[in-house]
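Asker: Those protein sequence lines, which keep their order, are chains A and B. In our numbering, each number is its position in the first sequence, counted from 1, plus 4. In our numbering, each number is its position in the second sequence, counted from 1, plus 19.
None of these hints come from the bench; they were simulated from the model. What you are looking at is a predicted structure, and each value in this text was computed from that prediction instead of being measured. Careful, some of the hints might be misleading.
[To be verified] Computed, partial: chain A to chain B, Cβ under 7 Å: (1) Ala156; (2) Phe157; (3) Arg165; (4) Phe169; (5) Ile172; (6) Asn177; (7) Pro179.
We put the beta carbon where it would ideally sit given N, CA and C, even for glycine.
Chain residues, written in single-letter form:
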Amino acid sequence: MSTWIPLWMHKLASPPTFYRVAGAIRPWALALALLLGAIGLYGGLVLAPPDYQQGDAYRIIFIHVPSAWMSMFIYAVMGVAGFVALIWRLKLAEVVAMQSAPIGAAFTAITLASGSLWGKPMWGTWWTWDARLTSELVLLFLYLGVIGLYHAFEDRRQGARAASFLAIIGVINVPIVHFSVVWWNTLHQGSTVNVFGHSKMAWDMLWPLLVVTLATKFYYAASLCARARTDLLDLEGGKDWVRKIADAEARP
Amino acid sequence: MAERVPATVTTACAAMLRRDLLLAWRQRGDLAMPVLYAVIVTVLFPFALGPDLALLQRIAGGVVLVTVLLAMLLALDAMFASDIEDGSLEQLLLAPQPPALLLGMKILAHWLTTALPLIVIAPVLAGMLHLPTAAMPALVLALLFATPLLSLLGAVLVALTAGTRRSGMLLALMLLPLCVPVVIFAAGAVAAAQQGLPWLAPIAWLAAAFILTVVLAPLACAAALRIALDS
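Could you build all of it, start to finish, from the sequences and the hints given here?
Answerer: Here it is, written out as structure tokens:
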């Protein structure tokens, strides 16, 4: 056992401990997500000035951009968790990878839907075969493939390992798809927000965007905690710690 | 009891290739199926779109590529099916020779029996859609690199689904994201050749991807089979 990893991290990987810790984190993360989401959306939809070209239609970025970031972020989390699950065979890593997939797929679907709602008035079309749109669609298919493969197995843990492997192949594939579709000249704008430099966006519009982004992160944390908890109870159904929880809840 | 010396890697690989090719030859009827499927799909296009020469010429390259891809996808499901049923795939993983090499031979046999007939028929299909003769070399070269790529990538995915109930749709869903770059580059080469532009660059990309995949995919395939059969 490596000594550089603190003991509490090893402990956190055990299902009963994680169940307890996740239960403690979840309400806080959910409350922060709701609070920040409310502040960010108020800032974005009410306080921020309309755009000089697009008027109020640009306000969809306060949903679209954070969702797009989350769709990639969650895929990365899924890939790393899948990697850990395959190499160290941690049950918790399998649970995290597999329970992240539906959340990521939902964020990807929101990105595509909100983008096409914006595209109709701005580009004059719901959908176009542009590089970014196509990459995002491929990302959605990757998510769906992982979810589908996970559920195709009778044995849950085996399904989780196979789907983790597919997720890792997908991680390699995403940049390849991205650069191959960039070959088509594209309609989608480049990135405006720059982490390491000057963003080409007014502060009035930028801060709500960043706040909503934080809110989506917390929402993901809360949602993952809840999903992982129920999944752990399901997986560890026959174990002693689950029985204790069930007994405690059955007692009035 | 005499000590049994394990066969050398070369002998084992040759035996594996010979066995798979022989099995395919004994079921010759099945070999014609992907070709027949490709012909039928291609014939449907002029019916659906009308026999407009200019339109058919414009879409010919893409239609042939996608048709070949779909025909391969149909045949992919059967790559390991019989070996899983009779348990010989588990024996293959237990063999003293590296499983990646033996699986590579199985993939090669599968490519020879399904993709090669499709490549042979592809110029005929393209001709039916009036693809200019000048673009034929580009099409055949693109297919020569694109089909083994699909076979190799498909083999990894088929190995992953080895322990599941049969589901062709799932395989299609998993293969689609992986074959997007292949289709883009192959179609790019054919389109460039059709416009009289230099078309070797996309072919070179395909060849580079093929070399990378031929090294990595058998290893990934072996790892995937270990996961899928481990129960």
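Asker: For each hint, tell me whether it holds in the structure or not.
Answerer: Taking the hints in turn, this is what the structure says about them:
1. Ala156: Nearest chain B Cβ about 4 Å off; hint holds.
2. Phe157: holds (6 Å)
3. Arg165: This interface hint holds because 5 Å falls under the 7 Å limit.
4. Phe169: Interface hint status for A:Phe169: holds (6 Å vs cutoff 7 Å).
5. Ile172: violated (9 Å)
6. Asn177: holds (6 Å)
7. Pro179: Result: violated, 10 Å to nearest chain B Cβ.
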